[in-house]
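> Protein sequence lines, in the order shown, are assigned to chains A and B. Mapping of the first sequence onto this note's numbering: position 63 corresponds to residue 63, and the numbering continues sequentially without gaps. Mapping of the second sequence onto this note's numbering: position 145 corresponds to residue 1145, and the numbering continues sequentially without gaps.
Be careful, since some hints might not be right.
Simulated pairs of lysine-lysine, DSS-like, Cα-Cα distance not exceeding 25 Å [as the list claims (entries may be wrong)]:
no., chain 1, residue 1, chain 2, residue 2
1, A, Lys239, B, Lys1261
2, A, Lys76, B, Lys1261
3, A, Lys76, A, Lys177
4, A, Lys177, A, Lys70
5, A, Lys239, A, Lys76
6, A, Lys188, B, Lys1261
Covered stretches of chain B, going by a simulated chain A footprint (3 or more residues, C-beta under 8 Å) [claimed, not checked]:
no., region
7, 1134 to 1140
8, 1149 to 1163
9, 1239 to 1250
The set of hints was computed from the structure by calculation and includes no laboratory data. Note that the coordinates shown come from a computational prediction; the quantities given were computed from them, not determined experimentally. Beta carbons are placed, not taken as given, at the ideal position from N, Cα and C, and that holds for glycine.
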Amino acid sequence: MTMLLNVPSIKRRCVSSLAVVCLTVAPMTMVGRAAQEARSHPDISGFWELNFDSRQVPRASLLPSVTRAKIDARLKGDAYAVRWCNLLGVPFVMDPGRPLDIRQGATAIIIAPENSSAPRYLYTNRATHITEDIFDPSTNGDSIAHWEGDTLVVDTVGFHGEHGITAIPGGGYRTEKSRLVERYRLMKDGALLSVTFTWTDPSVFRTPHSYEYRYHRLPATYEPRQWLLCDPYDEERAKFLDPPRPATPARGPIAKE
Amino acid sequence: MRYRVLVFAAFLLPVAAAPFPRTQSPAAGSLRLEGDWVRIDPDGAGSFDGLGASIPPAQLLPGVTAGGGRGGRGRGGRGGGLETQATTPNPEGVPYIVVAQPCAGGGGGRSNGGLLVNPDSGGVHFVEQKDEVIFAGERGGVRHFYLDGRAHPSPWTPTPAGHSVGRYEGNTLVVETTGFTPGGVTGGGVRTPETVLVERFEVSPDGRRLTITYTWTDPKIYQKPHVYSYYFERAPTVSSGGSPVSYALEEWCDAGDPVEKQSIVPPKQIIK
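Next comes chain A alone, as it looks inside the complex (with noise of 0.2 Å):
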């Protein structure tokens, strides 16, 4: 747009202005559109919460490729990121251990945890994702979401392989190759929100692997609390975290790749 204000022509001029201001005014018309359709759907905004009985996961049928010794791999390497105070990324986020901030605008919702995770935001205002060589693969993927009926799809691409959590509920992890599909709906007149993950990827699983989280909605004037600090430079933390390895292997002998 700047070069096009920079053309010396008046024409030029004239017809980039009449762009310009076609080119705002879109952006704004399509955010209209949108928290029109935002509005004929059902409002998953509030506070959530897992209690112990929240989860239905069943085990991952992982790929024979999936060895003892890549398991354990990423097991250090998730230990490595709480250590260090790293993002922790999907799907720890959807788990985090305290409730979910829930909510739901025209053009996006996002699902802000109490700890240390960066929120992820799922947009409803395009259809398509960020294509792969734009798009800096991140803990959280990038999620674009619409409702078919009652129930928000929300579909999650653009993992880092590496970075955060990578540990998947029910075995398996997450590599830059995963695809995670997320159905969201309200249970029981608003009080309960069900979401059920199913994440595919050719380097893991042999099948899609599914389970289900049931959020229970907590009252409005809930107050969110603000992140516990977690300093990477706490000694009596990282020793805490970091104990002295034993000398056997506690989970076994490790299998060869």
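Take the given structure of chain A and dock chain B to it, following the hints.
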């Protein structure tokens, strides 16, 4: 040819959206705050120190010591205010450390959304819902602006981001925050748990600019309200499915990575 394509696209976009005309209700107008923003340097100050210098100094009461805020200095989420920039030449061959504790989350960094009280150059994002607006930053943390009529809690344990309640005045979101941890404020101001900050989030009529006006008041600290503004533009867009979209980046900072301790501006070396 490029101009023809642009003009065609410019006309096509509103037409595509035509079945859903923009409403004029306050709620629809307020939606324009939602989205992705980056702070700008409208007067060409050239640096965060330069930006800070353009902010009128706080008028403090006699006996009140000025705070250390410097106009939204950068790197808050990574260095956490723990920079140890060398001021003397480094001996030849001796490794140097520019950032002693990168990614420290304890200060204004990743914890608590405190950085968003004084945004730096990292992208910021708003999601607006009728009961709450969430203000999130790419350098970590979120702030919760409650619009549901709740009062500030009492008692309240002070936090870096304080406790915020908001309301709309036309298209302007007005947020009142108190309950801060003690510290400095941009422009040499000071804050305590009793200090009140009022922020006005005002989007320009064309929807492309955001001005946040900060007003700090505290009868025990300020002779008069300490007022200044920050300016933002919509975040740059990329093409997705043929449409321009912006999105939130995720800034990665790994305190365990020794590279994080290095600087892109190394101190002067002694060369024999």
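> Next step is simple, just say for each hint if it's right about the structure.
Hint by hint, here is what the structure shows:
no.	hint	result
1	Lys239(A) - Lys1261(B)	holds, 22 Å
2	Lys76(A) - Lys1261(B)	holds, 23 Å
3	Lys76(A) - Lys177(A)	holds, 20 Å
4	Lys177(A) - Lys70(A)	holds, 16 Å
5	Lys239(A) - Lys76(A)	holds, 16 Å
6	Lys188(A) - Lys1261(B)	violated, 51 Å
7	1134 to 1140	holds (count 4)
8	1149 to 1163	holds (count 6)
9	1239 to 1250	holds (count 9)
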